[in-house]
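Chemist: The chain contents come next:
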Amino acid sequence: MKPCDFQLFNEYSGRLVDDRDVALLAAIEDGLPFSRRPYAEIGERLQMTEGQVINRLEWMTACGVIRRFGLVLQHRPLGYRANAMVVWDVPDDNVDEAARHIVDHDFVTLCYCRKRSAPQWPFNLYCMIHGRERAEVEEQIKDLKTSASLISYPSRTLFSRRRFKQTGAKFSSAQMPAGSAI
Amino acid sequence: MELSTTEKRLVNRWQKGFPLEPRPFASLADEMGMSEDDILAMLESLKARGLITRLGAVVRPNTVAASSLVAMQVPDHRLEEVAGIVSACPEVNHNYEREDKLNLWFVVAASSAGELDRVLARIEAMTGLDTCKLPLKKAYHIDLGFSI
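First to last, the protein sequences are chains Z and R. Residue numbers for the first sequence follow my numbering, so the first one is 1 and each next one is one higher. Residue numbers for the second sequence follow my numbering, so the first one is 1 and each next one is one higher.
Same shape as in the complex, but just chain R (with noise of 0.2 Å):
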């Protein structure tokens, strides 16, 4: 899906350092040389296409919560239905297909070490399937958005 120049202007420079101030959006409007309500019925535009998931906080894993990377063999008639199973998680927040004998990768982020473990035990009996927990040791890269 295409995005107009100014789209791209706005993704490019609003994935980090979006302002913490009362009429945030009106400083982007500012800086953007655009209305406020242009600048909040692109957002709408982009969201209601799909195109960003939300305007938030994206939080340092295992400060919050507890969180880890999982993976699971899965055999591929069964891809679908366990994928189903782990998507219906809500401590589940990436599920995707990989490829490999771990095909199915997905990461957890409950309230404690001990609440992520009790969520892999219920996926595991939900599922007659193994997972296996590969907890972050250290970051040396983070995720600081994307160039359009």
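Next comes chain Z alone, as it looks inside the complex (with noise of 0.2 Å):
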């Protein structure tokens, strides 16, 4: 399997992580500790060595199940409070090619392909963008949703207003059944 793969895991049968793997990513759901040896300190939380959790952690990253390590940020307080999720409502077969034209842009954080939920919600094809000024943001959806790929897609665009609740997902709540398939 390739690291960036686009295609979602859980269409390959057989799991990529066993228990001991989520209940490591459960200890360090809110983060490394801040301490000289880190991967030693979790380990003795889960009687794992200091090797074992570095090898399991190498093994997420490369298999992509870890697609990256390291600083979560709160985009909020530095500055991007300017962020607009963007939605389409394009043809299967065009979804690919339109979100290679998305996907172009820098300031584009994340496009994703979603199931519809008709007819409520008929959009399948979302992108994100966080800036620093809404009028910033505006200009680049404007040319976004405007470009020769998308104009003729209904499109729909949703500003966060208040921020509730942003966490990295809770494995501690997730624990897996022991022998379930992802």
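What the hints contain is simulated information worked out from the structure, not anything from laboratory work. Errors might be hidden in some of the hints.
[As the list claims (entries may be wrong)] If you want the footprint, here are the derived chain Z segments under chain R, 3+ residues with CB under 8 Å:
| id | stretch |
| --- | --- |
| 1 | 17-28 |
| 2 | 34-42 |
| 3 | 45-58 |
| 4 | 61-72 |
| 5 | 107-114 |
| 6 | 117-130 |
[To be verified] Distance condition first, Cα-Cα at most 30 Å in a straight line; then the derived DSS-like pairs of lysine-lysine:
| id | chain 1 | residue 1 | chain 2 | residue 2 |
| --- | --- | --- | --- | --- |
| 7 | R | K47 | Z | K165 |
| 8 | Z | K145 | R | K133 |
| 9 | Z | K115 | R | K138 |
| 10 | R | K137 | Z | K165 |
| 11 | R | K137 | Z | K115 |
| 12 | R | K16 | Z | K165 |
| 13 | Z | K165 | R | K133 |
| 14 | Z | K165 | R | K101 |
| 15 | R | K101 | Z | K115 |
We treat Cβ as the ideally placed atom computed from N, Cα and C, and that holds for glycine.
Put the two chains together into one complex, using the hints given.
Modeler: Printed below as a string of structure tokens:
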């Protein structure tokens, strides 16, 4: 499996991670401790050696379960307050092409295809733009929406207002039953 | 909130590829020309000021947990109450108000698809409102961090 394969992993049979890996992800869900030997400290909680912790984290990174390992920022206090989700209703056959056009733009942070929930929500292609100023983000969205690849598709823009919660996924509440497939 | 020049360097450099080795902060210190203790103190300070959430793993959706984006249409006068109920679920990891008729948007990650549906059923029962599940089909571009 390629680390950057765009397909969802749950389309593959078999499980990439075992129960111990889930326990490891749960142990670091609130972050590594800021101490000199953080992996040894995590290992102690899990009865794993420092080397085992490092090996499993390397493995999960290599196979793409961990898509990045590092600092996770709170973008709002850092000045990224204009956060827009832009959605389009694109015929299924044209989604890949439209997405390729969207991700060519540096200001796009994320781009996803999701299932529709018609009739209430016919949209299937999403992108996120995080910017400092709303006016600037609105210009970027206008450029995207009026580009030749996207202009013919119905779209909608949803700026975020209040943030009620932002944390990482909590694996301690998502511990897998033993032996289950993902 | 402003970051110092050194803090900016630290934050821009280490959103990915954090060293998986016994003394990772010593590596950072070497590369940045600082002491290990200074690095640790700087990270503590960034965390205390609410500028970083954590140092750790960002996990690809649907590899370890079953997850979905979920939207709800909540009457304005109930938004805080309903958002509070949603945020209180440990399975919910992002919860935002957005400018739309569908005005509450959150991500649920649970141990299985069945468990995910049970979380949504619980939210519907507690709020008396429908949830609209919008699961991922394909990711084209993923979060690789921010340039500050």
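Chemist: Are the hints correct? Go through all of them and say.
Modeler: Now the hints, each set against the structure:
no.	hint	verdict
1	17-28	holds (count 5)
2	34-42	holds (count 7)
3	45-58	holds (count 4)
4	61-72	holds (count 10)
5	107-114	holds (count 7)
6	117-130	holds (count 6)
7	R:K47 <-> Z:K165	holds, 16 Å
8	Z:K145 <-> R:K133	holds, 25 Å
9	Z:K115 <-> R:K138	holds, 9 Å
10	R:K137 <-> Z:K165	holds, 24 Å
11	R:K137 <-> Z:K115	holds, 6 Å
12	R:K16 <-> Z:K165	holds, 23 Å
13	Z:K165 <-> R:K133	holds, 18 Å
14	Z:K165 <-> R:K101	holds, 20 Å
15	R:K101 <-> Z:K115	holds, 19 Å
The structure is consistent with each of the numbered hints, conforming to all of them.
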